[in-house]
Amino acid sequence: METTDFEPKIVAFLCNWCTYTGADLAGTSRIQYPPNVRIIRLMCSGSVDPTYVLKALLDGADGVLIGGCHPGDCHYQSGNYKARRRIIALKEILKQSGLEEDRVWLRWISASEGQRFADTVTQMTEFLKEKGPNPMRREWAV
Amino acid sequence: MQARIPVEGNDVLAAVRGFLRRLLEEKVVDGVLVLMETPSGSVIPALVADTALLDAADPLAPVMGLNAARVVGPVSIREPRGRVAAVLRPCEYRALIELVKLQQASLEDLVTVVVDCPGAYTVPDYGAVRADGGVDRAALLEAVQRGELAPQDVYALRDGCQMCEKPHAEGGDIQVELFGADLSAGIPISLPDELGKRLGLDAAEADDRRAEVVEKLVAARTKVRDERFAEIRGRLEKEGVEGVFAACVRCHNCMTTCPICYCKTCLFKSPIFEHEPIQYMNWAQRKGAYRLPADTVLFHLTRLNHMVLSCIGCGVCTDACPADLPVARVFRAVGHEVQAVFEYVPGRDVEEPLPLITFREDEWSEVGEER
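Those protein sequences? They're chains Z and Y, same order as listed.
So the first sequence is numbered by the numbering used here: it starts at 217 and just counts up by one.
So the second sequence is numbered by the numbering used here: it starts at 552 and just counts up by one.
It is worth saying that the hints were derived from the structure and are not from the lab.
Using N, Cα and C, we set each Cβ at its ideal position, and we do this for glycine too.
Be aware that one or more of the hints could be misleading.
[Unchecked claim] Computed cross-link-like contacts, SDA-like style, restricted to lysine to any residue with a CA-CA straight-line distance of at most 20 angstroms: (1) Z:K311 to Y:I783; (2) Z:K311 to Y:H857; (3) Z:K311 to Y:H887; (4) Y:K767 to Y:E716; (5) Y:K820 to Y:G791; (6) Y:K820 to Y:Q836; (7) Z:K345 to Y:E921; (8) Z:K271 to Z:Y292; (9) Z:K271 to Y:I783; (10) Y:K578 to Y:G560; (11) Y:K789 to Z:E355; (12) Z:K225 to Y:R837; (13) Y:K789 to Z:K345; (14) Z:K311 to Y:L849; (15) Z:K271 to Y:W834; (16) Z:K298 to Y:W915; (17) Y:K717 to Y:E659; (18) Z:K271 to Y:Y841; (19) Z:K347 to Z:K298; (20) Z:K225 to Y:Q836; (21) Z:K225 to Z:S326; (22) Y:K789 to Z:K225; (23) Z:K225 to Y:K815; (24) Z:K311 to Y:R784; (25) Y:K717 to Y:A891; (26) Z:K225 to Y:W834; (27) Z:K271 to Y:Q830; (28) Z:K271 to Y:G794; (29) Z:K271 to Y:V800; (30) Y:K815 to Y:R801; (31) Y:K815 to Z:P351; (32) Z:K271 to Z:A327; (33) Y:K838 to Y:G791; (34) Y:K717 to Y:V775.
[Unchecked claim] Okay, the calculated bits of chain Y under chain Z, using three or more residues with CB under 8 angstroms as the criterion: (35) 564-573; (36) 837-844; (37) 850-863.
[What the hints assert, rightly or not] Restraint ranges, calculated between C-beta atoms of paired labels, are given here: (38) Z:G288 to Y:R760: 33 to 41 angstroms; (39) Z:Q339 to Y:D660: 28 to 36 angstroms; (40) Z:W356 to Y:A565: 30 to 38 angstroms.
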């Protein structure tokens with residue numbers, strides 16, 4: 217497979233309080249990570265409707281990253297616990313529907329984990345390069 | 552208590568009507584929500600307040616045009632309201648339980664009468680059956696007693712009914728237990744003691760064949776269900792979800808008839824999906840072509856995410872589809888697995904919280920922590 221010049225596009229939905237701030241820390245700390253991620257800031261991982269993830273995937277995003285606070289650290293007490301269940305359900309639905317659930321990653325990354333954010337984006341980019349482009353990108357009948 | 556509704560001259564329907572009439576006469580309720588035959592011969596639910604009109608009640612009519620839980624919501628949701636006895640199929644009762652959890656219906660002032668269900672025809676097929684001389688009620692009840700599906704030699708039952716593995720009355724205030732019963736000796740029912748006394752019913756032995764007959768019926772239906780699951784999973788794998796739903800015209804009929812899809816401000820009826828004209832051209836240029844109407848697969852996948860944990864498998868979505876898509880087969884097959892992940896059985900218990908509004912701190916602790 218021609219993966220050499222394939223640059224995956226990752227849409228990331230990050231919570232305002234932890235993961236987005238963690239991404240900001242990665243930037244201000246000058247930590248290098250691949251430019252393949254497009255970040256969308258939300259107030260909470262619990263506010264990620266599965267539709268956002270699905271729309272990105274069906275329109276050809278190669279991966280979707282959902283980032284939130286570690287369990288117990290949610291700014292809104294329980295948003296990330298609810299996000300966890302919702303994403304587990306979403307991934308099972310994708311799998312049962314014959315879609316690639318491994319393109320959806322959920323990661324807890326705190327505001328102080330700039331390095332973890334950079335590592336996560338690096339890992340995900342490498343994983344998706346290996347996996348290849350999202351077939352939905354060329355699928356007109358979706 | 553276990554009791555029997557007395558049956559005279561083998562007229563089971565008259566006996567059931569009589570029982571409903573007693574509920575009104577004894578002022579147990581102010582109205583009965585039950586399937587009624589209109590003068591034109593259609594069968595639709597109605598809220599009946601006048602006992603005389605119960606002559607047109609047909610709770611055993613083998614036709615299902617909608618899931619009646621949808622209409623229990625509006626008559627029960629808030630005070631002031633009448634006390635209502637709702638006669639429901641088991642799938643309708645299960646849908647009602649989910650709607651109560653979704654705060655779209657209330658069990659207050661409601662008496663649920665759940666009736667063993669031998670299956671139903673679609674509205675068009677029921678019309679054809681009637682045009683052919685009507686439903687053979689005797690054959691239907693005989694099949695029920697033996698624990699078999701309703702006769703399907705000419706017209707097949709609804710797809711949802713054929714694969715329904717929960718056709719027996721479970722839960723609710725009153726269960727009408729037709730399966731396995733010798734109905735000439737009275738219709739076995741199970742109801743609260745106080746209500747039984749109020750209606751002047753004597754305690755009677757339960758029919759001991761019921762358990763055996765239900766077991767046989769459930770096994771037969773489960774077999775059909777699993778065959779359909781295997782077939783649709785094969786298609787999803789081979790054609791993809793976009794292939795299975797390719798002919799979708801996004802009419803939203805599945806959503807409109809779905810008893811669980813209650814949102815008055817559904818995302819898919821919102822301006823979010825009224826894209827700018829140039830946006831379509833951008834998509835077409837990016838993909839080479841862009842199917843229209845847009846967002847059909849997104850619609851079905853979103854609906855799966857929003858309601859499949861509560862999908863009770865009534866199958867009205869399939870009946871409502873103008874493109875004859877196997878909506879219920881997909882939703883049931885996917886739902887079966889997703890519900891298993893959360894060990895959730897929709898409609899089982901009104902106290903059991905919806906999986907997506909609850910959580911435990913100590914569950915799935917490995918998720919999100921990967922390094």
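These are the hints, each one checked on the structure:
no.	hint	result
1	Z:K311 to Y:I783	14 angstroms, holds
2	Z:K311 to Y:H857	16 angstroms, holds
3	Z:K311 to Y:H887	13 angstroms, holds
4	Y:K767 to Y:E716	10 angstroms, holds
5	Y:K820 to Y:G791	25 angstroms, violated
6	Y:K820 to Y:Q836	26 angstroms, violated
7	Z:K345 to Y:E921	19 angstroms, holds
8	Z:K271 to Z:Y292	26 angstroms, violated
9	Z:K271 to Y:I783	24 angstroms, violated
10	Y:K578 to Y:G560	27 angstroms, violated
11	Y:K789 to Z:E355	15 angstroms, holds
12	Z:K225 to Y:R837	14 angstroms, holds
13	Y:K789 to Z:K345	24 angstroms, violated
14	Z:K311 to Y:L849	15 angstroms, holds
15	Z:K271 to Y:W834	13 angstroms, holds
16	Z:K298 to Y:W915	12 angstroms, holds
17	Y:K717 to Y:E659	25 angstroms, violated
18	Z:K271 to Y:Y841	14 angstroms, holds
19	Z:K347 to Z:K298	29 angstroms, violated
20	Z:K225 to Y:Q836	18 angstroms, holds
21	Z:K225 to Z:S326	23 angstroms, violated
22	Y:K789 to Z:K225	26 angstroms, violated
23	Z:K225 to Y:K815	35 angstroms, violated
24	Z:K311 to Y:R784	11 angstroms, holds
25	Y:K717 to Y:A891	16 angstroms, holds
26	Z:K225 to Y:W834	16 angstroms, holds
27	Z:K271 to Y:Q830	14 angstroms, holds
28	Z:K271 to Y:G794	17 angstroms, holds
29	Z:K271 to Y:V800	18 angstroms, holds
30	Y:K815 to Y:R801	17 angstroms, holds
31	Y:K815 to Z:P351	34 angstroms, violated
32	Z:K271 to Z:A327	27 angstroms, violated
33	Y:K838 to Y:G791	18 angstroms, holds
34	Y:K717 to Y:V775	13 angstroms, holds
35	564-573	violated (count 0)
36	837-844	holds (count 6)
37	850-863	holds (count 7)
38	Z:G288 to Y:R760: 33 to 41 angstroms	55 angstroms, violated
39	Z:Q339 to Y:D660: 28 to 36 angstroms	57 angstroms, violated
40	Z:W356 to Y:A565: 30 to 38 angstroms	60 angstroms, violated
Going through the hint list in order, the structure does not satisfy hints 5, 6, 8, 9, 10, 13, 17, 19, 21, 22, 23, 31, 32, 35, 38, 39, 40.
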